[in-house]
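In order, the protein sequences belong to chains A and B. For the first sequence, my numbering begins at 1 and goes up steadily by one. For the second sequence, my numbering begins at 1 and goes up steadily by one.
To be clear, the hints were calculated from the coordinates, so they are not data collected in a lab. Virtual Cβ for every residue (Gly too), placed ideally from N, Cα, C. A portion of the hints provided could be inaccurate.
Restraint-style ranges between C-beta atoms, simulated for each label pair [unchecked claim]: (1) Thr-199(A) / Ser-271(B): 38 to 46 angstroms; (2) Pro-69(A) / Tyr-295(B): 30 to 38 angstroms; (3) Tyr-355(A) / Thr-85(B): 40 to 48 angstroms; (4) Val-306(B) / Val-74(A): 48 to 56 angstroms; (5) Leu-237(A) / Asp-243(B): 35 to 43 angstroms; (6) Tyr-355(A) / Gln-22(B): 45 to 53 angstroms; (7) Ala-248(B) / Val-74(A): 58 to 66 angstroms; (8) Ala-248(B) / Pro-69(A): 32 to 40 angstroms; (9) Val-226(A) / Thr-85(B): 32 to 40 angstroms; (10) Glu-524(A) / Pro-66(B): 31 to 39 angstroms.
Which stretches of chain A does chain B cover? Using the computed rule of at least three CB atoms under 8 angstroms from a CB of chain B, they are [as the list claims (entries may be wrong)]: (11) 72 to 82; (12) 314 to 324; (13) 331 to 339; (14) 360 to 373; (15) 388 to 398; (16) 445 to 456.
Single-letter residue listing:
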Amino acid sequence: MSTTATVENFPNSSAEPQENYLNARYGVRSWLLTLDHKRIGLLYLGTITLMFVVGGIAATMMRLNLLEPQGTLVEPETYNKLFSTHGIVMVFFFLVPSIPATLGNFLIPLMIGARDVAFPRLNLLSWYIFVTGCLLMLYVVFTGGIDTGWTFYPPYSSSYAHTDVFLAAMAIFIAGFSSILTGMNFVVTIHKMRAPGMTWFRLPLFIWSMYATALIFVLGTPVIAVTLLLLGVEKLLHVGIFDPALGGDPVLFQHMFWFYSHPAVYIMILPSMGVISELITAFSRKRIFGYSFVAFSSLAIAVISFLVWGHHMFVSGQSVYAGLIFSVLSFLVAIPSAVKVFNWTATLYKGSISYEAPMLYALGFIGLFTIGGLTGLFLASLSTDVHLNGTYFVVAHFHYVMVGGAVMAYMGGLHYWWPKITGRLYPDLWARFAALIIFVGFNLTFFPQFVLGYLGMPRRYAMYPAEFQSLNVLSSAGASVLAVGYVIPLIYLIWSMKYGPVVGPNPFGTKGLEWTTQSPPPTENFLRTPIVTEEAYNYETAPEPEVVRV
Amino acid sequence: MMGLTQLAVHSIAAAWLDLPLQPPAASSIASSVDDVYYLLSGITIFFSVLIFSIIFYFMIKYRRRPGKTYEPETHTSLFLELSWTIIPSLICVVIFVWSSALYVRNSRPPANAREVFVIGKQWMWHIQHPEGPREINALHVPVGENIKLTMTSQDVIHGFYVPAFRVKKDVLPGHYTSIWFKANQVGTYHLFCSQYCGTNHSEMIGWIYVMSTTDYAAWLAEGEASESLAQQGAQLFTRLGCDSCHGAAASSAGPSLAGIYGKPQKMADGSTRVVDDSFLRQAVLTPSTVHVAGYPQIMPTFTGQVDEQQVLQLIAYVKSLGAQERTNGQ
Numbered sequence: 001m002s003t004t005a006t007v008e009n010f011p012n013s014s015a016e017p018q019e020n021y022l023n024a025r026y027g028v029r030s031w032l033l034t035l036d037h038k039r040i041g042l043l044y045l046g047t048i049t050l051m052f053v054v055g056g057i058a059a060t061m062m063r064l065n066l067l068e069p070q071g072t073l074v075e076p077e078t079y080n081k082l083f084s085t086h087g088i089v090m091v092f093f094f095l096v097p098s099i100p101a102t103l104g105n106f107l108i109p110l111m112i113g114a115r116d117v118a119f120p121r122l123n124l125l126s127w128y129i130f131v132t133g134c135l136l137m138l139y140v141v142f143t144g145g146i147d148t149g150w151t152f153y154p155p156y157s158s159s160y161a162h163t164d165v166f167l168a169a170m171a172i173f174i175a176g177f178s179s180i181l182t183g184m185n186f187v188v189t190i191h192k193m194r195a196p197g198m199t200w201f202r203l204p205l206f207i208w209s210m211y212a213t214a215l216i217f218v219l220g221t222p223v224i225a226v227t228l229l230l231l232g233v234e235k236l237l238h239v240g241i242f243d244p245a246l247g248g249d250p251v252l253f254q255h256m257f258w259f260y261s262h263p264a265v266y267i268m269i270l271p272s273m274g275v276i277s278e279l280i281t282a283f284s285r286k287r288i289f290g291y292s293f294v295a296f297s298s299l300a301i302a303v304i305s306f307l308v309w310g311h312h313m314f315v316s317g318q319s320v321y322a323g324l325i326f327s328v329l330s331f332l333v334a335i336p337s338a339v340k341v342f343n344w345t346a347t348l349y350k351g352s353i354s355y356e357a358p359m360l361y362a363l364g365f366i367g368l369f370t371i372g373g374l375t376g377l378f379l380a381s382l383s384t385d386v387h388l389n390g391t392y393f394v395v396a397h398f399h400y401v402m403v404g405g406a407v408m409a410y411m412g413g414l415h416y417w418w419p420k421i422t423g424r425l426y427p428d429l430w431a432r433f434a435a436l437i438i439f440v441g442f443n444l445t446f447f448p449q450f451v452l453g454y455l456g457m458p459r460r461y462a463m464y465p466a467e468f469q470s471l472n473v474l475s476s477a478g479a480s481v482l483a484v485g486y487v488i489p490l491i492y493l494i495w496s497m498k499y500g501p502v503v504g505p506n507p508f509g510t511k512g513l514e515w516t517t518q519s520p521p522p523t524e525n526f527l528r529t530p531i532v533t534e535e536a537y538n539y540e541t542a543p544e545p546e547v548v549r550v
Numbered sequence: 001m002m003g004l005t006q007l008a009v010h011s012i013a014a015a016w017l018d019l020p021l022q023p024p025a026a027s028s029i030a031s032s033v034d035d036v037y038y039l040l041s042g043i044t045i046f047f048s049v050l051i052f053s054i055i056f057y058f059m060i061k062y063r064r065r066p067g068k069t070y071e072p073e074t075h076t077s078l079f080l081e082l083s084w085t086i087i088p089s090l091i092c093v094v095i096f097v098w099s100s101a102l103y104v105r106n107s108r109p110p111a112n113a114r115e116v117f118v119i120g121k122q123w124m125w126h127i128q129h130p131e132g133p134r135e136i137n138a139l140h141v142p143v144g145e146n147i148k149l150t151m152t153s154q155d156v157i158h159g160f161y162v163p164a165f166r167v168k169k170d171v172l173p174g175h176y177t178s179i180w181f182k183a184n185q186v187g188t189y190h191l192f193c194s195q196y197c198g199t200n201h202s203e204m205i206g207w208i209y210v211m212s213t214t215d216y217a218a219w220l221a222e223g224e225a226s227e228s229l230a231q232q233g234a235q236l237f238t239r240l241g242c243d244s245c246h247g248a249a250a251s252s253a254g255p256s257l258a259g260i261y262g263k264p265q266k267m268a269d270g271s272t273r274v275v276d277d278s279f280l281r282q283a284v285l286t287p288s289t290v291h292v293a294g295y296p297q298i299m300p301t302f303t304g305q306v307d308e309q310q311v312l313q314l315i316a317y318v319k320s321l322g323a324q325e326r327t328n329g330q
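Okay, chain A solo, but in the shape it has when bound (with noise of 0.2 angstroms):
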């Protein structure tokens, strides 16, 4: 029952690395230019790195300006600036590309067992295209800032701001051009380039959850493209759209802009739930618990995330009845994501657990999405949501779903496929430690903030009543330990990119195509096309993990 190709892909596995995508060309063209679905993977971890650097940098300002209820560092205008850099660039230009670009574009042909995905090229312009939104994006924050939140909420937005709102939404329209283009291409590439035997019910868990996030990249990106074209309009031509004064509605624009950032939500977290399936299976060597409820909760959430934005919406004036509905159908969407949680749960029932990095990362994420997820019922309930609109506890509340959600599992995932990216192992105390610092730091940093909200304490402010202040001196003190928590990892794991002990094609003894093939893998992925003839996770029939030790 073992996939037949095995041996033939990793003929000296226990050599030095041999030819691989990574040393089969050198030079700066060779990365440029490449098509290689594998190296322009490393070229959207490279940039949205970097972008994680520079929103990390601005929340730090932040939390330290929030230690004093006047402020310990900047004026209001200048910490207005912050929350606004720190939230446009990690949402548009960090968490939206975060798994899909880097480990979906790494993982989604080798996953299918294909040599690339279906338009190389387009691959490569969609990575240009990013780059050119995020060095748009930086010469805005570089040169005066943006202030406008990341909803760019008119006629605030349009008509009242000094900052060059035209350019940073056009820096998040151009990068949405990378996110419809990367979508078609993993729609396209899962239908058609699957190995021969890879049915769609033997994908890995991850596709089905990049399936449903390139569904959401392709219909939900143009509806922001739009809007924030619209509002670009506006400003420019004083077209009243959005703007009362000129004979707009700013209400629409709050429709529009939330029928994209909701799925967008999805977005950041439909990824992780498939990189945490991979990683629960792989760590506790067993099948999926109730895979079809699994992949299929994955499509229920695509399809209601476009039916919720109202709930952004409860005091903003729209109609009692239209509340009632767009709550209703946010506590649907909380069901498919609990199915999840009690599947992974129930996954760990009678398997041979072991925590490796990436399973304290797993681990953590469950823990701290069902805190996220249980706690939007809050928001979703109508009359508690009028209270915590718009407060802390919104902050803490999404924190938790897209740094305890999201980041995790990426982080989670980067520690699991690193071997297999670079060929080399990390050391796995440090990365251990890392990940308990960074469950720690996050806690705290995000837990007092709950509170914060339900007493009452608005977000965006750079100023606040003296009795919030203990609340956010807790939150300030956990950011500085999130923040150690982040670092530790960026250095072993650049470490481990050249000291890091080499090791064979599968060093955690795990199933999936990714790890039949040598590590690094070949330019062309396989050496010959594998031809699957079982189901994904038949933990029966995996090898042993490899010992390596750092």
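Let chain A serve as the given structure and place chain B on it in line with the hints.
Chain B only, in chain A's frame:
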């Protein structure tokens, strides 16, 4: 369970951490909103503890041991899948129905509410009482009375938020929104702007002063020297020449405004609209969009000639005409 959670959390916070955990609950709806909040907190704690305990148990029981043989696996169980789909759904239905019923009940201002007008502008709250007094970043209200706020913005979107009352609503330019509350505890409470509105957003804050009925009457009397909002509106009505078409005497150019407020009005396109604050605001600023049946569409726009404050004065005046009419009729 709610009470217990609340009690436990509070005693821990009070005894060990000295942290504030609950905002004052000073309105008629606050404690019922808190009930939903504590139910949700209970559910969150219950499911988190449940899932974490199961995971920890499995983590220890099924940790990897050398030489372990694989046990027969369960790959799926329809019974389990259905239970953990249906049970959370039922819990969600209960919360939805309870919370929504409360929301619907709270969304309708009671008919007898005392009305106060709010204008938000970068970066202050301008409060206008119908009796005449104006306030900046402060709102004095009597305890135990229903207060309805009719709100608009002069520039960008703001948010009127009183945590102690558990009420919040965006304040939009070019549009009226409203909220109501009944304060049930004398005291001073935070007023926050909850919708980001630019540089000094975090300084667009103020205080709600909830006063005893007698104190409030005294406070109001102090400010009585100024004219009431309706009186100011009456003067403006004359100064802008509105009375030439909308005066007491019947005119072919425009409808008389006496008694018109709160009544349905036939429009030229055949529809019927009730004359409310939004209707009158539209009629003053963009008269071409409110064409009343039977009259020529000749009214000029007053956009640029009157500000939001003056529109509110005119509305108060028209409203006062309605009140007189009803009194006369009885």
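Hints violated by the structure (numbers, ascending): 1, 2, 3, 4, 6, 8
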